[in-house]
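*Asks:* Here is how the chains run, residue by residue.
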Amino acid sequence: MASEGGKIDPMHQFMIEPIVPLNLAGYDISFTNSSLFMILVMATIWVFMLGGMKRQMVPGRWQAAVEGVNGFVNDMVSTSVGPEGKKYVPLVFSLFMFILVANFMGMMPFGIVPGGHAFTVTSHLTVTAVLAILSFGTVLVVGFWKHKLHFFSLFVPHGTPWWLMWLIPFIELFSFLIRPFSLALRLFVAMTAGHVLMKVLAGFVINGLNADAAWVAPVVSLPAFILMIGITMLELLVCAIQAYVFALLTSLYINDAVNLH
Amino acid sequence: MDAEAAKLIGAGLAAIGAGLAAGGVGNVFGSFLQGALRNPAAADGQQGRLFIGFAAAELLGLLAFVVAMILIFVA
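Note that the protein sequences, when read in sequence, are chains A and E.
Residue numbers 1152 to 1412, in the numbering used here, belong to the letters of the first sequence in order.
Residue numbers 54 to 128, in the numbering used here, belong to the letters of the second sequence in order.
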């Protein structure tokens, strides 16, 4: 968004604006553009899944697509957790699908509709932190449920020499406690950084076209536009990789909880 | 030095971290390719580990970006 004086404001796209202002007991629970895009994401996943869950013997294209995604997550969980991982496939699948579709939804060109503005749900730490807490909380609950207090042996890896016992458990504990932060931060920053970069490049294109000197448009705008096409491809790749990494790390952490070390 | 100028210089210095993380990510994928070309049969089974290494290297670069953003917009 180029604002006054041609100055680029790449952070404006992350603004949360209320669409239907609501107030409950002093708390602001407005229906915002973030909520709107979450509902869009949910509806997309719903349509995608419903269209493919016909359980035909010979799958059509749509059912093959749904089975492909499901098989992908299923393979990922069963290779990292083992046969006991079957129970956690729905959780990892939901996280993966939500993040993937939310990331892609933020890349969609809704701006061509007048007044429309794409919003990336996962570019806010509040959203990604809740997703990370879901993943981390599952590990805690499953770990303590299955192993009771024996779960703490997670912090003492096999073969730790006795004279390192004062150090290793603390390092392991620290690396365990930092997991939800790294999960949330990675997704949020990757999305934010990509969108800021794209908005800055878009600002070069728009400002170059609006410049007074005629030579600016071909020299600045055209290369920036070509670069932006490449960056958009890269961003689409990052969207998929971030969803995959989140799901993969979640299944690895569940493996820790189910099988200890 | 002016405090505002110091902030911007700090944000610029944080970008060095992003560049170093680029080296790290390149090293992860480069080493994977080196190993995968020597033993292509074993490569598919190691894709999960490839992305764990990628995620760890990338996170540190993203932290450099967070530092820059905090310096510019928050501090």
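Since the hints were derived computationally from the structure, they do not count as laboratory data.
It is possible that some hints are incorrect.
To be verified - Here are the in silico distance ranges between beta carbons for each label pair: (1) Gly1310(A) with Asp55(E): 29 to 39 Å; (2) Pro1374(A) with Ala68(E): 36 to 46 Å; (3) Gly79(E) with Glu1323(A): 39 to 49 Å; (4) Asp55(E) with Met1166(A): 22 to 32 Å.
Unchecked claim - To give a feel for the contact side, a few chain E residues facing chain A, derived at Cβ under 7 Å: (5) Ala58; (6) Phe85; (7) Leu86; (8) Gly101; (9) Phe118; (10) Ile123; (11) Ile125.
Think of the CB as a built atom: it goes at the ideal place given N, C-alpha and C, for glycine as much as any other residue.
*Asks:* Which hint numbers does the structure go against, in order from smallest to largest?
*Replies:* 1, 2, 3, 5, 6, 7, 10 and 11
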